[in-house]
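K.L.:
Chains as they are written, first to last, in our numbering: chain A, 1485 to 1916; chain B, 1485 to 1916; chain C, 1485 to 1916; chain D, 1485 to 1916.
Worth flagging that the hints you see were computed from the coordinates, not collected in a lab.
Computed from a predicted model, the values in this text were never measured in an experiment.
In this text, a Cβ means the ideal position worked out from N, Cα and C, and glycines have one as well.
A portion of the hints provided could be inaccurate.
Here are a few chain A residues that face chain B, going by a calculated C-beta distance under 8 Å [said to hold, decoys possible]:
#, residue
1, SER1490
2, HIS1493
3, ARG1505
4, ARG1571
5, LEU1577
6, SER1580
7, ARG1622
8, ASN1637
9, ALA1690
10, LEU1693
11, ALA1756
12, GLY1860
13, ILE1894
14, HIS1898
15, MET1902
16, VAL1906
Looking from chain A toward chain B, a few residues come up when the C-beta cut is under 8 Å (computed) [what the hints assert, rightly or not]:
#, residue
17, ARG1518
18, GLU1565
19, GLU1584
20, ALA1616
21, THR1617
Residue-level listing of the chains:
4 protein chains.
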Amino acid sequence: MSVLSSIKHARDKVLDARDSRRLANLCRQLLTERGQPNSVNIATSALKLYENLGLASQHQFFNLLAEEFDPDPGVVLLLAERYAVNRNPDTLLALSQAAESPRQELFRRLNRAPGGTAVLVHMRELMLKGLATNPHWRSVDADFEHLLSSWFNPGFLQMQKIDWGSPARLLEQLIAHEAVHAIVDWNDLRRRLQPDRRCFAFFHPALPLEPLIFVEVALLSEMPNAVGALLDEKSVAADPKSFKVATFYSISNCQPGLRGISLGNFLIKQVAKALSEELPQLKTFCTLSPIPSFGRWLSKLDAIESTRLKPKVVAQLSAQLESFKARKQEALPAWDAMGIKDRALIETLCGFYLLHTSSTGGHSSDPVARFHLGNGARLERVNPQADLSKKAAKESHGFMVNYLYDLDQIEANHEAFMGDSVQASRAIKQYF
Amino acid sequence: MSVLSSIKHARDKVLDARDSRRLANLCRQLLTERGQPNSVNIATSALKLYENLGLASQHQFFNLLAEEFDPDPGVVLLLAERYAVNRNPDTLLALSQAAESPRQELFRRLNRAPGGTAVLVHMRELMLKGLATNPHWRSVDADFEHLLSSWFNPGFLQMQKIDWGSPARLLEQLIAHEAVHAIVDWNDLRRRLQPDRRCFAFFHPALPLEPLIFVEVALLSEMPNAVGALLDEKSVAADPKSFKVATFYSISNCQPGLRGISLGNFLIKQVAKALSEELPQLKTFCTLSPIPSFGRWLSKLDAIESTRLKPKVVAQLSAQLESFKARKQEALPAWDAMGIKDRALIETLCGFYLLHTSSTGGHSSDPVARFHLGNGARLERVNPQADLSKKAAKESHGFMVNYLYDLDQIEANHEAFMGDSVQASRAIKQYF
Amino acid sequence: MSVLSSIKHARDKVLDARDSRRLANLCRQLLTERGQPNSVNIATSALKLYENLGLASQHQFFNLLAEEFDPDPGVVLLLAERYAVNRNPDTLLALSQAAESPRQELFRRLNRAPGGTAVLVHMRELMLKGLATNPHWRSVDADFEHLLSSWFNPGFLQMQKIDWGSPARLLEQLIAHEAVHAIVDWNDLRRRLQPDRRCFAFFHPALPLEPLIFVEVALLSEMPNAVGALLDEKSVAADPKSFKVATFYSISNCQPGLRGISLGNFLIKQVAKALSEELPQLKTFCTLSPIPSFGRWLSKLDAIESTRLKPKVVAQLSAQLESFKARKQEALPAWDAMGIKDRALIETLCGFYLLHTSSTGGHSSDPVARFHLGNGARLERVNPQADLSKKAAKESHGFMVNYLYDLDQIEANHEAFMGDSVQASRAIKQYF
Amino acid sequence: MSVLSSIKHARDKVLDARDSRRLANLCRQLLTERGQPNSVNIATSALKLYENLGLASQHQFFNLLAEEFDPDPGVVLLLAERYAVNRNPDTLLALSQAAESPRQELFRRLNRAPGGTAVLVHMRELMLKGLATNPHWRSVDADFEHLLSSWFNPGFLQMQKIDWGSPARLLEQLIAHEAVHAIVDWNDLRRRLQPDRRCFAFFHPALPLEPLIFVEVALLSEMPNAVGALLDEKSVAADPKSFKVATFYSISNCQPGLRGISLGNFLIKQVAKALSEELPQLKTFCTLSPIPSFGRWLSKLDAIESTRLKPKVVAQLSAQLESFKARKQEALPAWDAMGIKDRALIETLCGFYLLHTSSTGGHSSDPVARFHLGNGARLERVNPQADLSKKAAKESHGFMVNYLYDLDQIEANHEAFMGDSVQASRAIKQYF
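Here chain A stands alone, though its shape is the one from the complex (with noise of 0.2 Å):
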């Protein structure tokens, strides 16, 4: 480091320890009564000193946050017993309000600053990079999830439909997020926004400009088996009087500050709302989705026995398990250079896979299997040879599975899983 450098470095450090002092007593003056007329003024200067530290010196305000705002236990005790042997409106009004954290209210008045949202979801998302490193910081996080879970509620949501009349500063921002099969250019963006296919978005009104959560669909004639044809670039938009399955064939977050947040579940069912109302025709809506963990899980498959499989699933694939399982030494041959055999055998344990999938989140659950069948979904067909690329060969041998959303029985089909039963279609229960 240079002469110089080190001078700017040392000031920046002198500045920075300046300003989270002055940081910290904007926020202890935010939950003071004299603040208030002023609130305004003092959480725009606070959100704008925060902004202006540097990253050490974020972490230093995270963990004044973690220790500084919590309830005082023996307040919390003494209400507590108050209220244990005395229930009455009083008592509940005055235990209720000492038990919550003094952060959620830093937090509300925080939020009164313009543009303060975005600031806070921001500051969330730079939390949680580091959580990990700095356990201490869960009550904050604890905090910042109920409140933003309160006020990122679906009922303060807009779902906007995204088309290629949608501002390009938007557009650019599904490149930027999506997650599951990239956009390479606008070109294949383009093709995404025709008219055969469909892409919506919930926004806040806090954050204006900036979708919190996208899917994308296809309008097709039947439910797909691979997602090559859907991506195609060249392939021309169909006509509408063809659309019999709308396929969620993509969903993306966009806000990693709203971790935990429940979204895509509303989304996609208000999505489906909405085309069953424009598009009567429309009689199925399913999803073409990947399966991130089943190759990790095929790789591992000597554990099958010790997980809580029926005995007599593992007795039928038994011995196709003994041979497949023997050979694991080697890695997997490519699907091309695979036996008919292999192939069915793969595809069994592809659906058996996923027919046992957790609830409760198991280490060899895939978490998009457990996010639509916790939706509701229903189990529907596996596809070989789905994906080609090469991140899909990698985690799933290509493999691709279809989710059924039947508006009617998403409430059966989430409480049978809720009890770890997940509800399949015919060609799929049967293997089992």
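Fit chains B, C and D to the supplied structure of chain A, relying on the hints for placement.
P.N.:
Showing chains B, C and D alone in chain A's frame:
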């Protein structure tokens, strides 16, 4: 009651009873895990049932909310003890979850229904009407207030200018809700929306067509001492070059269901900021406000010594006061029939009354004064014969008052007021 | 006139004279080559000068327009000869340019000023008021009409639905311009904008806040026979399920400067198309129209034989007519005081009168009938006691008429009408 | 050609012939009285038929337009004689109606179809492509130009700012139509829409999604002498405080069907006005323009004496010119390989070339120079090595030029230019 209507009445009661049970079950279901994937539909059904109930059944529903959705005292006590013994994120998180009323989560989930926010706000409005005779609803109301205060945080409100180009549907709500100087008809309204008058309102994105609160402003060449000219339908709009003073002459809440949620303070300051940016020539921001409690206070003036007045003030006024009180048996004469000395005395007493406004809201304090002084405004000028309406004659002998909003002094003024010292212009302070 | 106002008057005359000369020069400059690069500024200055002139000077300006901007007769004649001798694109182009009034190019260039279109439309409005006494302005008016007809071509008009959510600024123009059934106040207006009533207007993009023409529609369960119920402020909006008939009950022009530009015909048909798309259950599109000239015609009934009536019709009615005409010395009694026979006679005469509407607009024809029959509508039903207002009693003895718009028959109906044969329902035709 | 495609071809010809006849009949019907009430439908059908015709049949339709819809020479001559003998509004009106091509009324009625304006503009675009080989279409084209010039009058155009928040559908049209400095991809485009660059376009309300013309502007600290830096995708947006000069560096028409309609002149001036209002610190408005004809002129330099140059200029340059011309047999070397003297000579010749631009558009004049000088701009600075692209090397040896728009001098500059005197900076004039 006729036989037929008796039958209908009986049938309605049966239906209501059935729907009440359904509503209760839907609320319970919403809070369970299995209600999750379908929660938007459940919430929609629940709110529809609620809206169609008769009044008595809606009150029963409030009873249910008050009785069934409190935190569990035993659990809270146990977790409060753990937190007191071992303060860490885990014990805190457990305590926080247990100490928050399940009612709050219930309201958040009901809010997932389309249009849910409006129903909840109107639900609280109804509950507030019966609160005095149903004090056990206070815990429900506290949860409403806590949640709505978070949801109607200034960071989520949108200030909009309202003018003659606004939708008629919106403008008729100004006519309906104007609480200070009634809007007689559409011509009266049109005058208040001409270029030398302004109107601003807060909206919440979930209630897009319902203003929450609005303020009316007159742009003038000097601080006004009477309201008649401001409201004169036939007055000609002033030249923008003459604007020097922005006077807030009316502020009205539109949503009784948001009682206790601070809105006016934020609106006034945001309007002052917006106007000073649009019209840099504006140097003064003030109000022309009623003094609704002055008349009542004056009629009970005997009690003045028993208040916490400074002795020298009482001494100073005592001679006049004695004569004044002696005559209190008779009603005060009308202003026109009053002698000069009496006029001067009343003006002095009016300043005196306002100058002794208490931030803690003693019974003798004027509510409008408490609002503006609490916002950090300064008591600027007392104006006799400022409002010639019958209502004002009765409430305040025709007096009005200007409060001055000096944005740089707001925090200091507020702090002084919290210490029960009212900041005032020299003109007012010299009396005492 | 006082001395001071005399001086002011004299000064204004001098200024007007100066500005008139400036205006004339700017107009000449606009038409030269050198005015081109600056034409927007020149046009802006010219229109500003025009608007600030006194009325007399504005009339002088119309004189200038009439005298100085005609085509050159000699040149036109020469080029017409060349074109007659040698018809080709060159001779045609030369002729076209010479034969068009330079006034038209002048108006096109004046229109380059921001807001120019509105000024030109209002300029023509003013000129039309003086046209009767200044017949030499007719060539100016013809150029105005020719240009405005091109600019206000239906392809450039935008139909907008107007409802209670429209800006008050726009709604007050409905109140101002309603020419058939006056809108009494805002409550009356609100009723006409409820969901079982519709209002549509044409706008031109260059006059965004000024409706050009608007039509009011009632959605009903059957063709109405009286207007009172339609206009009843206190009536409750009907259930959309009951809508079967759309009735145009009022159509009003808002821009006198657009006299002679066809708008109503296009508006009615575009509204009918839009409504039948929105509400496929609508099977009938009709009017409920006044018959403003019926009363006058009836009072001059002696002249009936001298018209081109079919002999058998006259024969059929002659006995009644003789008795009727004999009594014409006295005024007709009010409807309530009339005998049954007289009532029947008048109803017959009303149908007779309308059935003999002439497309060439003879003096005895009803203008509203000519408008709708010329649009291709059919005469459907005559309704006695349909409008109980004083105005209607005087104009049409309270009669109103339904014209039926059967979109498939419009062209045939119109063609027949051009041959002076009025298409009518069997109910009407049977009289004759 | 296969048998099958022969059959299809033959069938298409038959259908086209049938549709051509129908189209001709609809056009005739549109011009008769009986087509009036149904004209929107007739126009809609006619334009649909036209659009579906094959190219040969569309050309046949242009022939029909050219042959059948001219004014009647005999009638025009008769009425021109009457007007010449007796000039009054009646004779003028009769003449005007007879002398205008019925084609114009036909176009106005076709324009009544929804979307008609766009079809007509594209119809003219197609006709212009064949005009050179079909000179008899010139009368049709003249009517198109006359009408479109009236309809696309600046008073009806709407200037819109285009930026990164504009719809992608619109932005891709910029990429398609940029005619000066091609937009390579969306990253290139994004750079051109950052805050130190501006883009404005004219739109017509009847073609809401199609820009008519757009101009790109760079906001800079000084007048630029090369285009490379302006177009550098990776350059960082400049600080608004540094803006002093607004440079128009590209202007492109998007609608070939509007050839001959003046748009660029109005757009540049309206943009200059808007920018000087938004950013009062902008003191200079100039261009950085190509000189597309300079290279060709230079290669034919022998002819220079035969032009209307001043003798002293020729004398001054003659020695250099002789040597230059002597070498013309060989191609000019590339700039890098050129000696200093040659470079100076070419720069002088470039200024000389531009300074002798003729307003009447002699073959040797540069079209871009004629456009800007005709708009009233001044020739400000010649910049060598200003455009390093191959195209510019070929067209202009890499030279570009700044034209200065001094809004106060525009009219005088234009007037001088009309007299063939080019206004230029002292730096340029000193050469000569």
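K.L.:
Give a verdict on every hint.
P.N.:
Consistency of the hints with the structure:
1. SER1490: SER1490 (chain A) check fails; min Cβ-Cβ to chain B is 38 Å, beyond 8 Å.
2. HIS1493: Violated. Min distance 33 Å.
3. ARG1505: Constraint on ARG1505 (chain A) not satisfied, violated at 19 Å.
4. ARG1571: 6 Å, holds
5. LEU1577: Where the cut-off is 8 Å and the nearest Cβ of chain B is about 5 Å from LEU1577 (chain A), the hint holds.
6. SER1580: 6 Å, holds
7. ARG1622: Interface hint status for ARG1622 (chain A): holds (4 Å vs cutoff 8 Å).
8. ASN1637: 5 Å, holds
9. ALA1690: Interface hint status for ALA1690 (chain A): holds (6 Å vs cutoff 8 Å).
10. LEU1693: 15 Å, violated
11. ALA1756: Given a least distance of 12 Å, the restraint on ALA1756 (chain A) is violated.
12. GLY1860: Cβ of GLY1860 (chain A) sits 4 Å from chain B, so the hint holds.
13. ILE1894: OK, holds: ILE1894 (chain A) within 8 Å of chain B, min 5 Å.
14. HIS1898: 4 Å, holds
15. MET1902: Check passed: Cβ of MET1902 (chain A) comes within 6 Å of chain B, closer than 8 Å.
16. VAL1906: 14 Å, violated
17. ARG1518: 5 Å, holds
18. GLU1565: 6 Å, holds
19. GLU1584: GLU1584 (chain A) check passes; min Cβ-Cβ to chain B is 7 Å, inside 8 Å.
20. ALA1616: The hint is violated - ALA1616 (chain A) has no Cβ within 8 Å of chain B, the shortest such distance being about 14 Å.
21. THR1617: 14 Å, violated
When the structure is compared with the earlier hints, violations turn up for hints 1, 2, 3, 10, 11, 16, 20 and 21 and for no others.
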